[in-house]
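Assemble the whole structure, with the sequences as input and the hints as a guide.
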Amino acid sequence: MPRKKKEETVDGQTAAAPAVEAPKKEKKPKAEKDAEAHAQKEKKAPKPKKEKPVQLPYENVQIPEEPVPQLKKIQPEINIGMIGHVDHGKTTLVSRLTGKWTDTHSEEVKRGITIRLGYANTVFYKCPKERGYEAYTSAAVCPKCGSKCIPLRKVSFVDAPGHETLMATMLSGSAIMDCAVLMVAANEPCPQPQTKEHLVALEIGDVKNIIIVQNKIDLVSEEEAMKNYEQIKAFTKGTFAENAPVIPMVAQQGINIDALIYAIETLFKTPERDLAKDPIMFIARSFDINKPGTAVDRIAGGVLGGALKEGMLRKGQKVEIRPGRKTEKEGKTTWVPLATEIVSLRTGEENIDEATPGGSIALMTRLDPNLVKADALAGNLVGLPGKLPETWYEFDLIPKLLERVVGTEQEMNVEPIKKGEVFMLNVNSSVTTGVVGAIGKDLCHVVLKRPVCAKKTDKITISRLLGHRFRLIGYGLIK
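Going by my numbering, the first residue of the sequence shown is number 605, and it counts up by one from there.
Heads up, a few of these hints could be off.
Only pairs whose alpha carbons sit at most 25 Å apart, straight line, appear in this in silico DMTMM-like list of lysine to aspartate or glutamate [what the hints assert, rightly or not]:
1. Lys922 / Asp901
2. Lys1063 / Asp862
3. Lys812 / Asp691
4. Lys913 / Asp862
5. Lys752 / Glu954
6. Lys733 / Asp862
7. Lys1063 / Glu954
8. Lys758 / Glu827
9. Lys1053 / Glu1015
10. Lys919 / Asp979
Rather than coming from a laboratory, the hints here were simulated on the basis of the structure.
Only a predicted model underlies this, so the values are computations on that prediction, with no experimental measurement involved.
What follows is the structure, given as structure tokens:
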């Protein structure tokens, strides 16, 4: 057995062992105790079983979104002219219908008026759920009910300038119009000078299908709008536009735009085109697309913009341009036809392999870019080699004069043609001036400053210089 350790003594007395104090435990805060207790309970509590989610039979099935029907034809089917007096809302309405503001030239933006012909395409749709004219829209999704709309056809708008100084441009544009929308502002007396001039120009150009838009009705009272409507009806009485519908609108807000689209789809039928004819394209613009500093091996040929009047053009075709390029030879000025090849074709934002009448088209060619700069070839015709109409430097004109001058604020009678006077002549998309020579019975001989390429059946509009402006006085045919 182990011996017991003797206790130490002091002065013969037994001394008690010193007491050892146990370390004091620190008290935990109440919040910490509660947290630990909660954690212990969670450990002891039985874990709930995970239930499998219920799988619905259609939950993972992806239903493909039904696509909006698309038109097979890329090119517009019809050219609709937008005409009328300056600042009556033509460009605004085109923008509402197509989403494109056609005044893109720097001078147009600066002055706030249309100077050149503007082109814009759009597709018209019909909502399957709406009824009447409210079903018609230019949006693929119905703005009223959100339904997907059915495409009807693609159309092209030709925005013509309304200023009196730009009448020649409007007359050039009328050559490619199949029908027209005449804009009349409700806050101005009707007719204004260019309202009359544009209507006569349409009649001369055989553009007889017309819709009248009474715009800016939000700026007048109901009584004033009705008075303006009566002025419109009185103005068109006895003309080809006598029975044309008059649609009240606010183009800036898009009010009644569905009624206009309905009228266009109802009244403006797609013309029948004879694609077997030899192609004739009117050049409205020509330009160089190369930027300064372009490498020689990357220079692109000149671009021709305009509209195809008849026939068909294809990529890769050899074509001729008449009257062509101006040249000086032995002190005599002549125009030499140009020959080139169509490298590519374009309409709107689409590349195409062949072009038919309808809308504006652009031809990328192999022409020297210097020949096309600044619309140098505007007014020329494009066609197959040897198939274009004759080029005229002078001709005998059979004039048909109007009773009164069109476009002036005060009415003036049209005086007979005099020898030596200068006329402005519009034929197809070309504008030239001519000096009257010999005058015979029912005809006059005219020498042109710039030649034109035209058929004998093409109508030539005649404008006379009155004051500081050329005013429309009639038309004529080549004898």
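A quick look at each hint next to the structure:
1. Lys922 / Asp901: Cα-Cα ~22 Å, so holds.
2. Lys1063 / Asp862: violated, 35 Å
3. Lys812 / Asp691: holds, 24 Å
4. Lys913 / Asp862: With Cα atoms ~29 Å apart, lysine 913 and aspartate 862 exceed 25 Å; violated.
5. Lys752 / Glu954: holds, 23 Å
6. Lys733 / Asp862: holds, 14 Å
7. Lys1063 / Glu954: violated, 33 Å
8. Lys758 / Glu827: violated, 37 Å
9. Lys1053 / Glu1015: violated, 30 Å
10. Lys919 / Asp979: Holds: lysine 919 and aspartate 979 sit about 22 Å apart, inside 25 Å.
When the structure is compared with the earlier hints, violations turn up for hints 2, 4, 7, 8, 9 and for no others.
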